[in-house]
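Participant: Sequence:
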Amino acid sequence: MAEEQGEFRIYNSMTQQKEIFKTKVPGKVSMYVCGVTAYDFSHLGHARAAVSFDILFRYLKHLGYEITYVRNFTDVDDKIIKRANETGEDPLMLSNRFCDEYNADMADLQCETPSREPRVSEHLNEIKDMITQIINNGYAYEVDGDVFYAVDKCPNYGMLSGQRLEHNRAGERVAVDSRKRHPADFALWKAAKPGEPSWDSPWGPGRPGWHIECSAMSACYLTHKFDIHGGGIDLIFPHHENEIAQSWAADHDSHVSYWMHNGHVTNNNEKMSKSLGNFFTIRQITERYHSLALRHFLISAHYRSPLNYSISQLENSSDAIYYIFQTLQDCKDAVSPLLQGETEKNEKVPQINEAAKECIKKLNVEFQTKMSDDLQTPVILTGALQEALKFVNTSLKMLKVCKWDQFLVLHAWVLHAFSCVGNVPVIHEILSILQKKMQKRAQLQLIQSLLEVEKVVGKVLDVLGLLSSKSYAEVTHFINKSLINLPVLYNESKRHSFGKPLHV
1 MAEEQGEFRI YNSMTQQKEI FKTKVPGKVS MYVCGVTAYD FSHLGHARAA
51 VSFDILFRYL KHLGYEITYV RNFTDVDDKI IKRANETGED PLMLSNRFCD
101 EYNADMADLQ CETPSREPRV SEHLNEIKDM ITQIINNGYA YEVDGDVFYA
151 VDKCPNYGML SGQRLEHNRA GERVAVDSRK RHPADFALWK AAKPGEPSWD
201 SPWGPGRPGW HIECSAMSAC YLTHKFDIHG GGIDLIFPHH ENEIAQSWAA
251 DHDSHVSYWM HNGHVTNNNE KMSKSLGNFF TIRQITERYH SLALRHFLIS
301 AHYRSPLNYS ISQLENSSDA IYYIFQTLQD CKDAVSPLLQ GETEKNEKVP
351 QINEAAKECI KKLNVEFQTK MSDDLQTPVI LTGALQEALK FVNTSLKMLK
401 VCKWDQFLVL HAWVLHAFSC VGNVPVIHEI LSILQKKMQK RAQLQLIQSL
451 LEVEKVVGKV LDVLGLLSSK SYAEVTHFIN KSLINLPVLY NESKRHSFGK
501 PLHV
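FYI, in our numbering the residues of the sequence shown are 1 to 504.
Simulated from the structure, these hints should not be mistaken for lab results.
Careful, some of the hints might be misleading.
Claimed, not checked - Pair by pair, the computed Cβ-Cβ distance ranges are:
hint : residue 1 : residue 2 : range
1    : L396      : L276      : 43 to 51 Å
2    : G6        : L276      : 37 to 45 Å
3    : E270      : P205      : 36 to 44 Å
4    : L396      : E315      : 47 to 55 Å
5    : D373      : G64       : 15 to 23 Å
6    : V176      : H416      : 53 to 61 Å
7    : E117      : P205      : 20 to 28 Å
8    : E315      : K22       : 18 to 26 Å
9    : G6        : N308      : 27 to 35 Å
10   : Q368      : R304      : 18 to 26 Å
11   : R9        : D100      : 50 to 58 Å
12   : G6        : E122      : 18 to 26 Å
13   : G64       : E270      : 36 to 44 Å
Beta carbons are placed, not taken as given, at the ideal position from N, Cα and C, and that holds for glycine.
Take these sequences, add in the hints, and give me the full structure.
Facilitator: Structure below.
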């Protein structure tokens with residue numbers, strides 16, 4: 001049972017410290033995670049959020065909890081409408097298509113399916129009911145078919161983010177609208193506009209604002225009191241801050257025990273996002289790397305830390321995954337007779353030796369200790385788990401005739417540890433796909449190199465043509481201007497203005 005596993009400590013963004021995890025209902029966890037706005041293929045930032053909370057979901061199950069895990073889809077939103085207008089599609093059909101693509105990516109990344117995956121379009125009644133409750137309680141007002149939340153009536157606004165009310169300036173995070181009573185007030189319901197999808201409401205046709213959607217859907221499945229609310233760190237303000245305000249306005253007893261946020265994926269230390277145009281989709285990465293290599297990369301840094309994208313890091317993760325699964329395959333091959341019950345009943349099987357016992361004990365203790373300390377996956381990947389794999393490899397080299405018990409135990413324990421971080425598909429299939437992905441990357445790199453060589457050859461031919469009709473000075477100027485821009489390294493010579501190529 002969960003209570004027997006020792007203390008599990010998680011970082012609470014609300015208190016900005018690690019706290020001992022205690023559920024509202026003993027043995028049960030209620031968890032809501034903000035999902036994606038589905039209008040395009042998902043990028044690495046989306047992947048990191050999903051994998052981070054999948055790790056949490058898996059570990060809570062390992063601890064013995066019964067979990068209700070809710071992750072929503074936003075399928076009614078300005079971005080979806082804009083993209084649908086660009087493509088000529090129905091907004092809901094477009095969003096449904098990308099919801100399916102997202103789920104395909106999650107399956108590829110070995111993310112377990114949440115208990116519930118509600119969509120905004122399917123919960124409009126709950127959303128309208130909550131807005132009505134907020135209006136009746138005196139915390140929202142209607143203007144010309146729009147409904148706004150009165151931020152200045154929320155005494156604890158800013159308690160999560162630390163943002164002051166005056167920092168929520170109109171024109172930056174909220175729309176400029178002279179009809180608002182306060183510039184920071186935000187929309188709970190938006191009046192219908194020509195060419196946009198709309199639904200009937202007590203305030204006229206329209207659609208919900210972004211923030212109210214999550215408040216209503218979390219309350220629908222988890223009530224106003226639940227254990228964990230999660231999402232990316234960029235959602236702390238204004239989204240999660242506004243969720244807290246709305247939920248409190250609807251029910252003063254609303255309460256989330258722990259707010260958890262994963263860090264950004266960065267590109268050259270800048271947040272990776274669609275708005276900045278510096279992102280990579282999950283599909284772009286898994287086209288060249290195994291999805292488990294990507295998952296390994298995503299958990300190679302602590303979930304709250306920034307994670308900087310680089311090819312070298314992906315290569316390291318790909319190598320690590322290959323080593324892990326090759327070791328597991330070798331171990332499986334060694335113990336397969338025992339696993340299949342082929343050992344004779346009367347055969348005396350050697351007992352686990354002390355070295356194996358110590359290795360298993362260390363793996364067990366470190367796994368439990370580090371995962372229970374705010375999910376320290378990087379330590380798990382590089383610590384006792386690696387030592388266990390090394391022990392297996394060393395022992396396999398010594399293995400001749402005997403089938404040792406420790407292989408059975410180690411094999412089982414390593415697989416269990418990996419199941420908690422989501423790396424548990426069929427081993428031989430993983431190795432095959434990893435090899436194919438490596439071959440594909442090598443082929444693409446060769447093609448790129450040949451294309452660059454082709455450019456150099458073309459420039460050389462241009463130079464040869466110039467030599468027959470131009471002076472030496474003109475040719476030198478052409479080389480300095482043209483060749484220096486190619487991906488060829490040059491050493492400047494004291495005797496010549498153009499250089500000597502080091503490599504292509």
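Participant: Each of the hints needs a verdict: does it hold here or not?
Facilitator: Against the structure, the hints come out as follows:
A beta carbon spacing of about 48 Å between L396 and L276 agrees with the range 43 to 51 Å that was offered as a hint. Judged by the Cβ atoms, the range 37 to 45 Å given for G6 and L276 holds: they are separated by roughly 42 Å. Under the hint 36 to 44 Å, the C-beta atoms of E270 and P205, about 40 Å apart, fit the expected range. The given range of 47 to 55 Å is broken by L396 and E315, whose C-beta atoms sit roughly 26 Å from each other.
About 18 Å separates the C-beta atoms of D373 and G64, a value consistent with the hinted range of 15 to 23 Å. Evaluation of the 53 to 61 Å hint for V176 and H416 yields a pass: the beta carbon distance comes to about 55 Å. E117 and P205 have their C-beta atoms about 27 Å apart, which keeps the hinted 20 to 28 Å range intact. In this structure the hint that E315 and K22 lie 18 to 26 Å apart at CB is violated, the actual value being about 42 Å.
At about 33 Å, the CB distance of G6 to N308 agrees with the hint of 27 to 35 Å. A hinted range of 18 to 26 Å for the beta carbons of Q368 and R304 is consistent with their spacing of about 20 Å. A beta carbon spacing of about 37 Å between R9 and D100 contradicts the range 50 to 58 Å that was offered as a hint. Checked against the hint of 18 to 26 Å, the C-beta distance between G6 and E122 comes to roughly 40 Å, which is inconsistent with it.
Checked against the hint of 36 to 44 Å, the C-beta distance between G64 and E270 comes to roughly 41 Å, which is consistent with it.
Hint violations for this structure: numbers 4, 8, 11, 12, all remaining hints satisfied.
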